[in-house]
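Enquirer: Counted from 1, the sequence shown has number 143 at position 143 by the UniProt record's numbering; the numbering is strictly sequential.
Calculated from the structure, these hints are not laboratory results. Glycine residues also receive a C-beta, built at the ideal position from the N, C-alpha and C atoms. Accuracy of the hints is not assured; some may be wrong.
To be verified - Here are the simulated lysine-lysine pairs, PhoX-like style, with alpha carbons at most 25 Å apart:
(1) Lys231 x Lys203
(2) Lys174 x Lys138
(3) Lys174 x Lys203
(4) Lys138 x Lys98
(5) Lys98 x Lys187
(6) Lys187 x Lys174
What the hints assert, rightly or not - Restraint-style ranges between C-beta atoms, simulated for each label pair:
(7) Ile156 x Pro357: 18 to 26 Å
(8) Ile156 x Pro298: 40 to 48 Å
(9) Lys203 x Pro346: 14 to 22 Å
(10) Ala25 x Gly302: 34 to 42 Å
(11) Asp126 x Gly302: 26 to 34 Å
(12) Arg127 x Ala26: 39 to 47 Å
(13) Gly100 x Arg234: 28 to 36 Å
(14) Arg3 x Met112: 16 to 24 Å
(15) Val251 x Arg132: 28 to 36 Å
(16) Glu148 x Val251: 38 to 46 Å
(17) Gly69 x Leu206: 45 to 53 Å
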Amino acid sequence: MERRIVVYGPPGRDAMLVEKVFRAAALEVAHCDTPAKLTAQLRLGAGALMLGEEVLSPATMGVLSEHLGQQPAWSDLPILLLAKHGADSLEAQRAIEKLGNVTLLERPVRTMAIISAARSALRARDRQYEMRALSQRKDEFLAALAHELRNPLAPINNAMAILLRLHPSAQTEKLTGIVDRQVSHLKRLVDDLLDIARITNGKLELQRSVTTVEQVIRHAVELAQEGITAKAHRLTIHRPDPRVDLYADHVRLVQSVANLLVNAAKFTPPSGEITLSVNLNPPVAEFLVRDNGKGLEPEFLGRIFNMFSQSRTVGEPTSGLGLGLHLTRAFAELHGGTLTARSDGPGRGSEFVLSVPVMVNAPGVQALQQRSRPASLKRSILVVDDNWTRPVRSEPCSPCKARRSRSPTTARRPLQRSSSSVPRRW
């Protein structure tokens with residue numbers, strides 16, 4: 001947590017006096033006198049920045065604009081600007097407009113006024129640090145919660161599959177189908193929470209490979225089809241004529257397009273019209289999802305991609321967590337693309353445009369395309385889990401896809417099993 005006050009200005013009597021005043025008030029201070037040194041000091045961290053309007057050169061404004069533009073969402077660096085006495089200068093006005101969190105101090109400034117302004121700026125900075133800590137704890141909690149919620153889902157699914165096999169009947173099939181749909185819904189919510197945690201912590205890495213627009217469309221429609229069919233919507237798809245290759249994370253791209261289709265189905269009244277179009281606009285391919293549904297309020301367009309943001313309609317309950325569009329935009333940006341939203345207002349439908357780069361000399365693409373698939377081998381799988389109910393419950397399902405299953409129940413048995421088993425084809 002950095003609480004230094006960075007003082008920027010030419011070396012001389014004024015800089016020495018400011019440093020002396022701050023140190024006498026037990027405030028940590030660092031002085032710099034060139035744009036390069038200012039950049040270095042800001043990168044080290046600052047509780048506040050003090051400078052005079054006479055140093056607001058284009059180079060200085062460029063450094064400050066770049067640094068402030070790269071701040072995380074929680075950060076808003078306080079700036080104390082020492083202005084000349086008298087009429088407001090054009091430089092000071094521009095700084096206030098462009099830099100944002102600026103406190104103007106008119107010269108000559110009393111010593112106590114400088115100290116008071118600096119301490120107020122540091123208190124504001126401390127509150128920002130507290131918000132960062134709260135946000136980090138929230139992210140850690142969501143990640144832990146998602147993992148804990150995900151753990152029971154596989155045993156529930158396996159138990160339903162076993163029940164259907166052991167007691168086949170129309171009633172059992174109906175009940176297990178209900179459970180399966182609800183578990184799938186819960187799994188999607190939990191997976192969204194896990195993705196949010198990974199993105200926030202910078203741990204989500206794209207698994208890029210060669211894919212095509214056609215494959216993305218087909219798999220995205222498969223994921224969204226249930227919601228579209230349930231409300232009797234008509235889905236129209238406009239595909240590009242030539243084959244369009246993408247070097248992208250196929251799973252994440254499919255998830256993104258499916259999210260847009262699911263949203264369109266959710267917020268369009270029954271028997272609505274949904275259109276999925278793909279336009280080739282080099283260097284990007286644009287996935288456009290348009291509907292004739294409820295539309296969006298103009299003020300909501302500015303925050304529609306925020307985490308947990310949901311459009312509320314009077315008299316109608318909200319559903320979901322409000323993560324889908326936030327994730328979709330994050331996936332687009334990880335690909336080097338964008339996601340935008342348009343609407344003419346309530347009741348006039350919405351349009352979302354997902355742009356991702358098309359494949360141009362992607363690294364290793366030729367090798368990926370020419371690499372032959374390895375021969376299919378039958379393998380043994382050793383399941384090790386600290387929850388003994390999961391392997392036991394899943395074991396009856398294993399013979400459906402394999403000819404042998406083993407479920408060690410102590411920590412040492414997996415090591416004994418793996419060392420005693422001789423790898424072989426079944």
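Enquirer: Determine for every hint whether it applies to the structure shown.
Expert: We went through each hint and held it up to the structure:
no.: 1; hint: Lys231 x Lys203; result: violated (37 Å)
no.: 2; hint: Lys174 x Lys138; result: violated (39 Å)
no.: 3; hint: Lys174 x Lys203; result: violated (40 Å)
no.: 4; hint: Lys138 x Lys98; result: violated (32 Å)
no.: 5; hint: Lys98 x Lys187; result: violated (44 Å)
no.: 6; hint: Lys187 x Lys174; result: holds (20 Å)
no.: 7; hint: Ile156 x Pro357: 18 to 26 Å; result: violated (40 Å)
no.: 8; hint: Ile156 x Pro298: 40 to 48 Å; result: holds (43 Å)
no.: 9; hint: Lys203 x Pro346: 14 to 22 Å; result: violated (39 Å)
no.: 10; hint: Ala25 x Gly302: 34 to 42 Å; result: holds (41 Å)
no.: 11; hint: Asp126 x Gly302: 26 to 34 Å; result: holds (29 Å)
no.: 12; hint: Arg127 x Ala26: 39 to 47 Å; result: violated (20 Å)
no.: 13; hint: Gly100 x Arg234: 28 to 36 Å; result: violated (47 Å)
no.: 14; hint: Arg3 x Met112: 16 to 24 Å; result: holds (20 Å)
no.: 15; hint: Val251 x Arg132: 28 to 36 Å; result: holds (31 Å)
no.: 16; hint: Glu148 x Val251: 38 to 46 Å; result: violated (24 Å)
no.: 17; hint: Gly69 x Leu206: 45 to 53 Å; result: violated (24 Å)
Figure legend: structure checked against the earlier numbered hints; hints not met, in rising order: 1, 2, 3, 4, 5, 7, 9, 12, 13, 16, 17.
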